[in-house]
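Colleague: Each chain, written out:
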Amino acid sequence: MKRTVFLIIILLSCLSAFAKAPNLNVEKLFDGRYNSNRHVTVSVYKNNGNYYRGLTIENDPAILKKIAETISKDAPRGFNYSDNINGGSRYISLKIKSNGETIFIGLQMENSGNGFFFIQGKEKAFK
Amino acid sequence: MKENISHFTLAEIERLCRMYEDCQLSRLEETELEYVLLNTSLKSPVSTETRNLMGLSSKIHLSEKDLGSRNFRIKKIWRFSAAAVIAVVVLASGMVFFRNQSSDTEVCYAYVEGERTGSDEARELAMQNIARAEQFIQTVDALEEAEQSKVNHFLNNSNLSE
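Sequences listed follow chains A and B, in order.
Position 63, counted from 1, in the first sequence is what this note's numbering calls 63; the numbers after and before it change by one each time, with no gaps.
Position 137, counted from 1, in the second sequence is what this note's numbering calls 137; the numbers after and before it change by one each time, with no gaps.
If we strip away everything but chain A, and leave its shape as in the complex, we get (with noise of 0.2 Å):
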């Protein structure tokens, strides 16, 4: 009886740390810090088990430095990293495992400071 309760409370302690939130850097991206830069597009979307989160940035190659420096900081933790240039265009891609889900991170630069960044997974990889 004994050993059993003690089993139960060691099980119970490594399910309360095995689900958790990623708490990703580019998640803070969205904290509401570009809402009104007007060049940048800020979307997000969340339904039936989706989650999107995008930018669009115009002419603002700071802001497209910043996004990959911060993608950066998350790549220790993907298990696919990419850098690749093709056609004038820039493609950073991260992939990471949260929660038994994937979490795909994107960002195409332009040398026109144009570009474009997501985050997109299924809901269950951001609990």
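For the record, the hints were derived by calculation from the structure and aren't laboratory data.
A hint or two may mislead.
Claimed, not checked - Restricting the straight-line Cα-Cα distance to at most 27 Å, the calculated cross-link-like pairs of lysine-lysine (DSSO-like) are:
hint : chain 1 : residue 1 : chain 2 : residue 2
1    : A       : K73       : A       : K124
2    : A       : K95       : B       : K150
3    : A       : K73       : A       : K46
4    : B       : K75       : A       : K2
5    : A       : K2        : B       : K76
6    : A       : K127      : A       : K46
Given chain A's structure and the hints, the job is docking chain B onto it.
Modeller: Showing chain B alone in chain A's frame:
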């Protein structure tokens, strides 16, 4: 001396008490008699007198009733602990279950050129961006595949040249 004191009859205990009073018991036997008198429920004037001679009345001993109360308290504590643990497990499981359930409420908003848009426009913009994100993922997958092909080709040529 018998190992199980429950096998002692009152007559046997009284006989041993008289032997104790007549100093006919060894030290070991006196100690054993002391143990018997402390833990037996059988009593008589002879055993009581012997108990007083030994000074056992001032010694604390565990009676069956005390043992029973103690066991009952221990069982009560473990039952309460087990119930508390089960309640916590059920509560935690419920929290994890509901936390992993997707919410039915749609969340959709957008800011364009510093201004918040209407919900319809936000939804349309989100759908366009989601499609763009899917295309991005496919493009990156294709780039990675092409890069891997180059690497494989290079390695194959290296092996052939050796």
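Colleague: Each of the hints needs a verdict: does it hold here or not?
Modeller: Going through the hints against the structure:
| no. | hint | in the structure |
| --- | --- | --- |
| 1 | A:K73 / A:K124 | holds (22 Å) |
| 2 | A:K95 / B:K150 | holds (23 Å) |
| 3 | A:K73 / A:K46 | holds (25 Å) |
| 4 | B:K75 / A:K2 | holds (11 Å) |
| 5 | A:K2 / B:K76 | holds (13 Å) |
| 6 | A:K127 / A:K46 | holds (13 Å) |
The structure is consistent with each of the numbered hints, conforming to all of them.
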